[in-house]
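Participant: In the order they appear, the protein sequences are chains A, B and C.
So the first sequence is residues 13 to 175, counted in the working numbering.
So the second sequence is residues 1374 to 1740, counted in the working numbering.
So the third sequence is residues 9 to 421, counted in the working numbering.
Keep in mind that the hints were calculated from the coordinates and are not lab data.
Computed from a predicted structure; not experimentally measured.
Take the hints with a grain of salt, since some may be wrong.
[Stated by the list, open to error] In silico DSSO-like links for lysine-lysine, alpha-carbon gap of 30 Å or less:
no., chain 1, residue 1, chain 2, residue 2
1, B, 1551, B, 1458
2, A, 48, A, 104
3, B, 1606, C, 410
4, C, 98, B, 1377
5, A, 104, B, 1606
6, C, 172, C, 102
7, B, 1606, A, 155
8, B, 1458, B, 1423
9, B, 1551, B, 1511
10, A, 48, A, 155
11, B, 1458, C, 98
12, C, 172, C, 98
13, C, 410, B, 1377
14, B, 1551, C, 410
15, B, 1511, B, 1606
16, A, 104, A, 155
17, A, 155, B, 1511
18, B, 1423, B, 1511
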Amino acid sequence: MSRLLDGLEVGERIGQRVPEAVVEATPRWVVVHPEKLVAVATYLRDEGELDLGFLIGVTAVDQLDHFEVVYHLQSISQNHVLTLKTRALDHKNPEVPSLVSVWRGAELQEREVYDLMGVRFAGHPDLRRVFLWEGFAGHPLRKDWMEMPGGLTPGLGRFPRED
Amino acid sequence: MTMKSEPFVVNVGPQHPSTHGVFRLRLTMDGERIVDAEMVMGYLHRSVEKLAEGRTYTQNIPFTDRLDYLSAMSNNLAYCMAVEKLMGIEVPERGEFLRVIMAEFQRIANHAMAIGSFAMECGVWFTPLMWMFRDREKILDLFEMTCGARLTTNYVRIGGVSFDIPPEFMPAATALVKELPERIAEYESLLLENEIILVRSRDVGVLPPELAIAASTSGPVLRGSGVMWDIRKADPYAVYDRLDFDIPVGTRGDCYDRFLVRLEELRQSVRILEQALDMLPDGVASVEVPLALRPPAGEAYARIEAPKGELGFYLVSDGSPHPQRFHIRSPSFINLTPLRDMVVGLTIPDAVVTLGSIDIVLGEVDR
Amino acid sequence: MIFLAEWWDVRDLGNAVGELLEWLGDHGPDWLPYTASALVGAITIVVFLLVSLLVFAWLERRLIGRIQARRGPNRVGPWGAFQSIADAIKFVTKEAITSANADRWVFWLAPILVVVPALVVFAVMPFNEGMILADLNVGVLFLVAVGSVTAIPIFMAGWSSNNKFSLMGAMREVAMLISYEIPLVLALLGVVIFTNTMRMNGIVGWQDEHNTWLIFLQPLAVLIYFIAGAVEINRTPTDIAEAESEIVAGYHTEYSGVKFGMFWLAEYFAGFAIAAIIATLYLGGWTLWGLEEWVPGWMIFLVKLYGLFWFFIWMRGTLPRLRIDQLMGFAWKALLPLALINIFFAGLEVLLWQENDLAAEAVLPGFAIANLVLAVVLIVAWAQLLGRGRPQYRPTRARLVKELGAVVYGEEA
């Protein structure tokens, strides 16, 4: 059975290495500050005991007032998992640093999150839409997507305005 | 003297016989060599994640059939496990065994397609695919017998399975499991150590294990690179911890190794099925669950070893009957991450073989 | 009237034609009998080929159906036998699209020209003693010359389509034809050295006279010719010019309707031509050790032709496709040297035979055994030589493990 790492313990260790990084730590996950995200991720990947070298997945959750970007991490040699989160507090223009430099596996998934949720990943080598076409209005997985500027109602006409 | 040549762009897909659907690969070529590759996806995007937010947890199960439509049972299973984790539902033992049986049959059916189409990408004119279809057909017949559907099964439900197996299932399944090793030996006699398949796929599309891990690949792609990793053993779900099986791994990380891993997984699945059919307990197959579930606020990530890799569902609930967030960690999509590194420097025929060895289904890539 | 004395013997038909020509010669100008005989022969060949095509298009699908554990076409007519007719109607009735940016003239001309070489080959093919349209004294040279023309219409098709896949397919085809033309010709040379003639009927006559087939004297050349021929006719597994999984349909990607039908036709005709050449040059043509006294020669010839074509079908249903560089490498590195060595030994044997004025019955069995041994030794030795220094592929099984987390990359079990 994959062991779920204790978030409190990991949060403490991160705090020792990268000060002021941990925003919140619960037994099930660790929330870190976006500015310290790359440092924390590099630490989690390279620390011998943690060895979280495998990024299971990247996704984002629209929490109505802010976005939460969730990283599921896995250690293949130690067989334990950790949930790392970060929060983009600006709901209009959410932005978090990209982790492609740490885990290559984030490359397509960050593009997907950007495409559907509109979270920008600063430093991503090729941040473009992946499923929808360039010029698609809005990011459909956002909870406020139906209230687009200009009173457009996607799903009625053929496509939302492509401009 | 060196010849000057201009690079030109070839669009492999979205209408191309060997992109498994509507995947598009923009290849920049220098003569016959690929110098750059860009993936273009989304031609089959149906926005399942958004649609799921407007439906109840039970109504979402049929959506999962349509992700990887070649292994619907596995998708159902992963989703229902996520909901059960969210709700804290325990599934009866018989239900767990039925899930394992169906998932392993589904794995055989999926790998039959994967190996057959891989051989077709190597240029065999349909023969392996048609041979494999014989077995896949019988497996689909079993599914039809159990739940009335062959492809979009919608069989695994929250709290168990939709129907208990009919009385004619056991004899048919046992007969099929007895027959399969013979068939697999037949495929091996056709494909294994075939000199042309060897020269086409040995040392082609090499994926070193460091990149395989860093790029989050999973399933046969990861194992083909020699990484000993299988969710069924690493994070056992259902009753896999009570079953005895091995993990096949490759040693070179090329297309041929991925093909070998799939071929061997067929045998291991048969082994699991033999045990699971033997151990299938009596009792009820599922617990009663209300149709309109209201899971407590929270989040859950459940994952299984789907035929194509690690399939996970990340659900966030806000206490309402609809999921607040419904995220699919789809193996086909994420396994494509290192594709560019694998095909640059090869020729178009090699790129096609490499893509075939990854085994993608566009329903799952695009969602 | 001796017309149709026996329904199965085309010789009577030939006699009727002879009578007609005699009558024309008596009553008309000099050129008329020549034109008439050429027309009759050409029409006969086309009809024969079309009928064979109709039968084999169906038979191939049935056979491949058997190979692939399915039924094949079985709806149109008894056992689906009219499937080819239905297909032909489909080809003719479908719209033949010319894409907007195609070079219209070349695009139209290519499917017409592509059928010609395969048809013309049959002009020098003896169906029976005397049943030959043109008994050229340079028959073998004619075969080679006409056979290599195929590259031109195919390149025309690929270039005029204005499609990258078409162009790549056409380029591949040209490169491949040029490479394989050389072992193909060298394989034929052995026959000429032994028989001392290029006349097709002469070669068949030589085999009849010496009571042997050239396949026994030239086993290596037959193998080389068969492989090279299979590549020339562009059918799976050597169909890299139209490799479906790689470049969609190669040079005929943009063709549809009856124009595509012509390419399909040409593929079959070329297959029949290669089979006919092997049957004539190496398998004794219309002779079968005296059986031609009892059975019409053309029947024997057709049995041999269709039997050889069946090998192409079998290969199609079994083998994967090589990559273009591997296929080209095979021509230059394996087939060409082997063909050269084969010619050398053929020349040596003929020299030995004629200088010492030996009896044919005495030397030919010896040559047959020697050449068979030589072929086996050469193939094995050459494979060893080419395979030297290559990575060893075995063992070809996935490794089975139970533990987790470790990496076994680069280790051979």
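Participant: Take the hints in turn and mark each one as holding or not.
Facilitator: Here is how each hint holds up against the structure:
1. Of the pairs offered as hints, the one joining residue 1551(B) and residue 1458(B) is violated, with about 35 Å between alpha carbons and a cut-off of 30 Å exceeded.
2. Among the hinted pairs, residue 48(A) with residue 104(A) is consistent with the structure: their alpha-carbon atoms are about 21 Å apart, no more than 30 Å.
3. For the hint pairing residue 1606(B) with residue 410(C), the CA-to-CA distance comes to about 8 Å; that is within 30 Å, so the pair holds.
4. Distance restraint check for residue 98(C) and residue 1377(B): the Cα-Cα separation of roughly 46 Å exceeds the 30 Å cut-off, and the hinted pair is therefore not satisfied.
5. Among the hinted pairs, residue 104(A) with residue 1606(B) is inconsistent with the structure: their alpha-carbon atoms are about 43 Å apart, more than 30 Å.
6. Our distance criterion of 30 Å between C-alpha atoms is met by residue 172(C) and residue 102(C), whose separation comes to about 24 Å.
7. A distance of roughly 38 Å separates the Cα atoms of residue 1606(B) and residue 155(A); the hinted pair therefore is violated under the 30 Å criterion.
8. A threshold of 30 Å between alpha carbons decides the hint, and for residue 1458(B) with residue 1423(B) the separation of about 21 Å falls inside it, so the pair holds.
9. For the proposed pair residue 1551(B) and residue 1511(B), the alpha carbon gap of about 13 Å is at most 30 Å, so the pair holds.
10. This hinted pair checks out: residue 48(A) and residue 155(A) have alpha carbons roughly 27 Å apart, not beyond 30 Å.
11. For the hint linking residue 1458(B) to residue 98(C), the alpha-carbon distance of about 57 Å lies beyond 30 Å, and the restraint is violated.
12. Distance hint between residue 172(C) and residue 98(C) is fulfilled; the C-alpha atoms sit about 27 Å from each other, no more than 30 Å.
13. At roughly 53 Å between alpha-carbon atoms, residue 410(C) and residue 1377(B) are farther apart than 30 Å, so this suggested pair is violated.
14. Annotation: proposed proximity of residue 1551(B) to residue 410(C) holds, straight-line Cα distance about 24 Å (limit 30 Å).
15. Between residue 1511(B) and residue 1606(B), the direct Cα distance comes to roughly 28 Å. Compliance with the 30 Å bound is thereby established for this hinted pair.
16. Simply put, residue 104(A) and residue 155(A) have alpha-carbon atoms about 12 Å apart, close enough for the 30 Å limit, and the pair holds.
17. Our distance criterion of 30 Å between C-alpha atoms is broken by residue 155(A) and residue 1511(B), whose separation comes to about 44 Å.
18. Simply put, residue 1423(B) and residue 1511(B) have alpha-carbon atoms about 35 Å apart, too far for the 30 Å limit, and the pair is violated.
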